[in-house]
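Given the coordinates of chain A, work out where chain B should sit on it, guided by the hints.
Chain order of the listed sequences is A and B. Going by my numbering, the letters in the first sequence line up with residues 1 to 353, in that order. Going by my numbering, the letters in the second sequence line up with residues 1 to 384, in that order.
Keep in mind that the hints were calculated from the coordinates and are not lab data. For each residue, glycine too, the CB sits at the ideal point set by N, CA and C. All the given hints hold, so there is nothing to weed out.
Only pairs whose alpha carbons sit at most 27 Å apart, straight line, appear in this in silico DSSO-like list of lysine-lysine:
| id | chain 1 | residue 1 | chain 2 | residue 2 |
| --- | --- | --- | --- | --- |
| 1 | B | LYS145 | A | LYS150 |
| 2 | A | LYS323 | B | LYS180 |
| 3 | A | LYS340 | A | LYS150 |
| 4 | A | LYS150 | B | LYS355 |
| 5 | A | LYS340 | B | LYS145 |
| 6 | A | LYS144 | B | LYS145 |
| 7 | B | LYS193 | B | LYS110 |
| 8 | A | LYS224 | A | LYS144 |
| 9 | A | LYS340 | A | LYS23 |
| 10 | A | LYS23 | B | LYS145 |
| 11 | A | LYS150 | B | LYS223 |
| 12 | A | LYS224 | A | LYS245 |
| 13 | B | LYS355 | A | LYS144 |
What follows is a set of in silico ranges between Cβ atoms, one per label pair, in the way DEER data are often shown:
| id | chain 1 | residue 1 | chain 2 | residue 2 | range |
| --- | --- | --- | --- | --- | --- |
| 14 | A | LEU204 | B | ASP169 | 39 to 47 Å |
| 15 | A | LEU339 | B | ILE23 | 51 to 59 Å |
| 16 | B | LYS355 | A | ILE203 | 44 to 52 Å |
Next come the chains, spelled out residue by residue.
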Amino acid sequence: MGKLKATVEAKKFTGTRGQVRRKRIETSGALIIAALMILWLGVNLIKSPTQFAQVTVLGLRNGLLYALIALGYTLVYGIIELINFAHGDLFMLGALFSSYFITIWFHQENSNLAGWLTFVAALFAAMLFCGTINVLIERLAYRKLRRAPKLAPLITAVGMSFLLQFVGIKWNGSTPRQWPTVIPHGEYVWFGVIISHVTIILILVAAPLLGSLTFVVNKTKRGKAMRATAQDQDAARLMGIDVNKTISFTFALGGALAGAAGLLYQQAIGTTNYNLGFQLGLIAFTSAVLGGIGSLNGAVLGALLIGIIQGLNDGLPIALGQKWSQTVVFTILILILVLKPAGLLGKATTEKV
Amino acid sequence: MVAISSQRKWATGYLIAAVALFITYQFLFPWDGLPMGIYDTLQLWLPPMAVNEALVYVICALGLNIVVGYAGLLDLGYVAFWAIGGYCAGWFMSEFFYMINIHFYGSVAKAAPGIHINFWVVLLIGGLVCAFFGVLIGAPTLRLKSDYLAIVTLGFGEIIPQIFYNGDDIGGFNLSNGTKGITILDPIPAGIKNVGPFDFGYKFIVFVFLAFVMIFISLRLRKGRLGRAWLAIREDELAASMMGVPLMQTKLAAYAVGAFAGGLGGVAFATHVDGVYAERFNFTISIFLLAMVVLGGMGNVWGVILGALLLSWMNSTGLPAFGQTFNTRFETEINFPSFTFLLFGLVLILMMLYKREGLIPESRLRLILHEGDREEDLSPKESK
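Just chain A, same shape as in the assembly (with noise of 0.2 Å):
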């Protein structure tokens, strides 16, 4: 009883004097960035409704890929509160897996049976692949490190994403290099918007991968095993977890997404480059954080955001354009830090002592 009286009594207790203002400038500040927002999307509304949806829907798709991506650094983030620098590395082997395997190992260019069967297996065999080194690199140099000071961690995951990049330069050269796909080039054309074959494909695809995903987190054992080790890995092997086990569970799902945004991503763009994971990892961070990191919701409604934000940047008339989208996406994920370090749907967190 007097345990829950005195959570009652920390809930009436507001802050102080300090944490009010703060909180107060955080609001105020949210306000003003909410209304130039619908300011900006107001007045391109207006000015070209058209072309509004149409980056909208390229948005969205870019969003579906993000977020295949940002999963992989919140489950892993969830389970260890580790940022794994090296993951959208990975996502750029899983691109470069993909047109290999495509193209090179089973000679696939065009979009006939073939190609659709190459196409599902490839999907299959990038997120074997991934996954695979993903528990890989948690195997060998991240378990290590569990009880580490954060810095080691984080710095390891930065070295792990300069050797993935290393593997990538050896593997696809250091120029970008253009790969033929076994999509269909076309469309189909709704009020006016073009949805391409590549948007539907990527929908078809991503989307079970999102939703079995949820399922495996919420409604199997292991996902109960996960959610009970990034609660607490002691107590949670003292209830008999395998907390090592659901550790590489884990890196094995978020490598698996990874491979599976990698061969999307090849598909629909048809480009690679070993520095491809740099810049989509970045991305991919940023929504995971928008969205509240560690929150698997979060990482998709954060992920379909920032897609929709960056198409909307690049592609409306009135926008700074394609050649700030970076800054404009770390923008957002500086303000996020600053104002929300929570993010949109995940919960707040303290330092643990």
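Frame of chain A, contents of chain B only:
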């Protein structure tokens, strides 16, 4: 008394090494009597350009060491300060702003258009502008958890170079000349002589002096009140704040000093390559610097210097020279410079896994970094 004598000792050693290198490059290197073999070996394995570049890296790595090594804040966007410092040099020491004509003890003729401020003043300006930006980015973000902070700095390190990259047309104003960069900087006025872009020997003295200043600052700060406060925060933030260390102020000070050093390094680098180019300021540089700090030993000035010299040399000379020798010897065509990613990645990973305290460890840090290991040894072995 011991402290003073040990300080005099390092200063003497540093001076001797600097003079020896200076004589080698200024007098021995262009000397006709030097046997061709020695000349070629030196030119291949240790050209003067590489020595100067290594010194610039030393300056920056020492700055990053204050942030990462002393205060324990991971900064992944250090290149931003390098870029800002570089552009300060570009703006204030060239004919870039040709429409105005400002001279302040500059080293060029009074009639030359553009802003020409004395190199030593520009160093100060670059440092201060960077320190300002360090505080600006630090003030709202330093209360975040350490890994979030790393991300914010990373974002900052991406935004600043992109601003310079796209900076040839910001609302019609040419801020940075975009991808073309700003070239031909004023020579450095160094008392008896104006040091131009190809006076490697005299520029070496300038960089040696700057590195000396950074070493001095690092060592003195480390011993003082602020340095002890940084270490306290690095070791246990909560305990430090309980003991009355003002967290925000102390962290901000680390950021400001670190950024100041980044600015110095930026100005020095701009004079080293005689220009500033936006595409040079990328994430890789931040990681290079981090690897230098990590390899040498976070928090240990001598370790960081060793790490910076070693890795910078590997990057600029060692790998290409080794590759050239290897390829001619074995008639292969392996592209060795592309192994830099492998090298730096492995340095970061292996050091963190096996020798977290670096090559020359700082005694205090070794204890902390292995605190976790002890805990793990006590816990029962997990079932495989």
